[in-house]
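Engineer: Just need the whole structure built from these sequences, with the hints factored in.
Those sequence lines, one after another, are chains U and X.
Numbers 15 to 419, taken from the numbering used here, label the letters of the first sequence in order.
Numbers 453 to 869, taken from the numbering used here, label the letters of the second sequence in order.
Because the hints were derived from the structure by calculation, they are not lab data.
Beta carbons: idealized from backbone N, C-alpha and C, even for Gly.
Keep in mind that a hint or two might mislead.
Which chain U residues face chain X? A few, computed with CB under 10 Å, are given here [as the list claims (entries may be wrong)]:
1) V48
2) V86
3) S89
4) S92
5) G96
6) P112
7) T114
8) A115
9) R118
10) H135
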Amino acid sequence: MKPKLLLFLLPGLMALAVYSCTKLEPAAPVADTVMDAPLDGMTSAQYKLFNEGAGEFDEVYHTETGLGPVFVATSCGSCHAGDNRGHLFTILTRFGQPDTAGNRFLAMGGPQLQNRAIQGHSPEEIPAGATSSKFTAPIASGVGFLELVSDADIIAMAEANITHPDGVRGHPNWNTIPDYVIPFPDAVSKGGKYICRFGRKASTYNLHQQTVQAFNQDIGVTTSFLPNNPFNYLSGLNPVQTADPEISDASVNATVFYLQGLQAPIQRDQNDAQVVSGKNIFINIGCESCHRQTLKTGFSPIEPLSYQEFHPYTDLLVHDMGVGLNDHYTEGTAKPSEWRTTPLWGLGLAGDAQGGNLFLMHDGRALSIEDAILMHGGEAEVSATRFMDLSQPDKDALLKFLKSL
Amino acid sequence: MKIKLKLIILLLSVARISSAQIDSSLLKRVEKDTTNTTMSMDELYNRPFLKINKLPVSLGGYLEFNYQHLGTDGVSDGHEFQFRRLSLFIASSVSKRIKFLSEIEFEHDKDEELEGNPMEIEIEFAAIDFEFHPLLNLRGGIILNPIGSFNQNHDGPKWEFTDRPIAMTQMLPATFSNTGFGLYGKHYSNDWMFGYEFYLTGGLDNTIIDNDLNKTYLPHANENSARFVTSNSGEPLLTGKLAVRNTKIGELGISWMGGVYNKWREDGAIIDEKRRSDVIDIDFNTTLPKIDTKIIAEWAWVFVQVPDDYFEQFGTKQQGGFMDIVQPVLKTKILGWEDATLNIAMRLEYVDWNIGEFEDTGDNIADDVWSIMPAISFRPTAQTVLRLNYRYLKQQDIIGNPPATTGGIIFGVSSYF
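Structural biologist: Okay, structure coming up:
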């Protein structure tokens with residue numbers, strides 16, 4: 015090589031590199047393979063708040079920023095990888111409520127076990143005599159849509175169940191709500207209780223309550239809404255109200271907005287013949303009685319959320335799932351064997367959030383979609399039996415449909 | 453306006469007078485030792501210095517800046533122009549066998565700057581060495597813990613890559629220095645050289661497992677400036693290195709750094725168990741004869757005692773390292789520069805931030821990163837490098853989900869002065 019070539023080589027390489035810099039960089043993943051994208055059509059201010067909330071959602075807490083002293087995880091993102099379903103390593107345990115009469119172990123650290131502790135502190139243990147259940151984190155994507163389903167629509171779905179020929183009898187989980195939760199204008203109240211819809215037992219009213227509780231019970235972070243650290247009777251930690259909350263109301267609100275602004279999972283291969291056939295089988299064998307494909311939202315100041323039809327495959331009701339899924343633990347007015355219908359959207363990408371494995375059902379006990387179907391008892395037993403009776407091609411089609419969600 | 457004009461004229465006059473006073477013959481360039489008789493442990497003093505007439509002080513330093521355009525899965529910060537660091541050296545011989553060296557670093561860290569924290573100004577090294585015998589030297593002051601050869605030999609102009617190795621700067625504490633003292637020495641015999649270093653210094657602290665990165669992260673201890681006056685655990689950190697070099701084969705070093713890192717006693721009362729962190733590091737470098745291919749490799753293992761009930765995301769074991777392959781393709785007079793060199797190079801890197809399995813599933817805890825970085829570098833002199841790197845990096849989360857991919861170009865300049 016002639017040395018003078020360098021006169022052209024280095025500047026040329028630099029120019030080429032700068033010119034093609036974006037072409038040398040990895041492209042964004044296809045929209046229907048991600049769960050953490052914002053809704054299309056938000057205003058600039060809403061995108062800004064969404065991004066702020068994304069930062070709060072992934073903020074990792076440590077002792078100086080409010081973690082603990084006892085906790086389950088160190089950030090929201092720890093449990094909701096990619097905003098899809100959670101992994102077993104961040105599974106949480108709730109204890110102390112064997113029936114609908116309320117939690118009997120609140121004075122001993124109930125309802126949630128904080129199984130980890132910062133240095134110099136002891137984690138909680140389940141008190142003797144308390145029954146418990148383990149919950150993996152549910153999908154976070156699309157929860158803004160679920161929040162906006164009207165109580166009237168939920169009640170209508172429950173009323174339709176009264177005469178359901180397969181014995182489906184789902185009902186809302188009526189639960190008391192904390193003082194800091196403001197009911198929606200169209201909320202229906204019964205005996206001072208409201209229809210709750212979030213969480214494995216549908217015991218949480220809205221995303222504000224869900225977020226505040228998660229900060230407090232999962233990470234040990236106090237807010238003005240829940241100013242006490244989680245209680246650990248073993249170490250004598252006193253749940254004295256903190257004068258200065260560890261995170262601001264603005265941080266809580268941004269986190270709530272982030273959840274509201276997440277896009278709903280996008281179904282893939284919708285027009286594939288096997289997927290279409292699988293969807294028909296899904297409806298025909300009765301799965302859609304609980305896993306309702308289409309719901310609609312009411313008004314929202316976030317325009318792309320307002321008055322939308324969406325496809326979560328849930329009815330937001332709790333259903334008796336039979337003795338096999340009775341954990342002898344419950345919340346609100348749900349019985350111990352009753353669980354909220356899990357939204358099936360995002361199911362096909364669950365493996366991308368669970369390390370290539372699948373940990374389905376409320377506690378991750380099902381290691382495949384087929385396992386999960388076969389664990390359905392109680393009100394879902396008729397549909398599960400019909401699934402077992404399907405021909406193999408029909409089973410394959412149904413599973414392919416579920417994986418497309 | 454008139455006052456401003458007068459001021460400018462006055463300043464220009466002073467500048468002219470000052471310029472007239474510079475006698476470049478007073479400045480003598482002390483080149484670095486390029487013979488094959490030095491080891492990594494010598495790199496601290498083996499830097500180009502300027503000596504001013506008969507002043508007993510030598511001055512030196514280097515600076516680094518770059519342009520980069522990187523993106524991760526379609527998201528990019530766009531064009532970035534970065535001033536990474538300016539390092540100043542001051543050295544002097546107090547007497548024939550007592551010498552002093554200091555290194556003051558001005559560093560811009562992107563993440564810190566974006567969080568509104570100002571540029572770091574740090575005394576990275578400031579020590580006095582007493583030579584009692586070539587095999588017995590005492591060093592004391594703010595010293596670099598010699599864990600691995602990169603820590604001893606990290607000056608930007610020596611490398612063909614703008615970014616420092618991930619394992620050596622993010623898994624090991626990068627250029628980790630502490631107050632302390634210790635012994636070092638060397639022995640030569642024909643083609644063989646043997647060297648050792650052993651130091652007692654202040655140590656790490658609780659933030660290595662209590663931080664905002666969701667992982668065990670030893671470099672967090674660098675942010676604790678109190679380590680220069682007290683050891684967080686109240687116990688010393690021990691650092692030792694043994695190295696052997698054959699002039700025809702290369703140099704092999706093994707180093708260890710360990711001690712209690714956490715505050716386990718406060719006001720005399722025991723508040724926690726003692727927990728240790730230990731690091732083992734192996735480094736190797738050689739230059740292949742005839743083709744002059746330079747190979748630099750280093751691998752390290754980190755062991756940290758994490759509380760039993762702490763988050764699994766904070767690993768008890770980490771490992772990682774890198775290998776640089778640098779091939780000169782042109783070595784001649786280029787555009788008037790004598791001994792200019794054009795190199796092609798490649799860096800391969802890997803770090804597993806968390807070796808182990810999940811308790812609940814028995815599955816591997818992932819949280820690893822691997823990177824490949826081809827490069828072209830041009831050295832008009834041995835002390836200055838212009839380098840063009842392409843970064844391709846994959847980072848997998850703790851669960852082992854599909855990795856995030858980062859790619860892009862980095863063009864940088866680094867030079868001693």
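Engineer: Determine for every hint whether it applies to the structure shown.
Structural biologist: Evaluated hints:
1. V48: OK, holds: V48 of chain U within 10 Å of chain X, min 9 Å.
2. V86: 9 Å, holds
3. S89: Check passed: Cβ of S89 of chain U comes within 7 Å of chain X, closer than 10 Å.
4. S92: 7 Å, holds
5. G96: 7 Å, holds
6. P112: 24 Å, violated
7. T114: 30 Å, violated
8. A115: Violated - the Cβ of A115 of chain U stays beyond 10 Å from chain X, reaching only about 31 Å at its closest.
9. R118: Hint violated; R118 of chain U Cβ to chain X Cβ min 25 Å, cut 10 Å.
10. H135: For H135 of chain U, the interface hint holds, since the closest Cβ of chain X sits about 9 Å away, which is under 10 Å.
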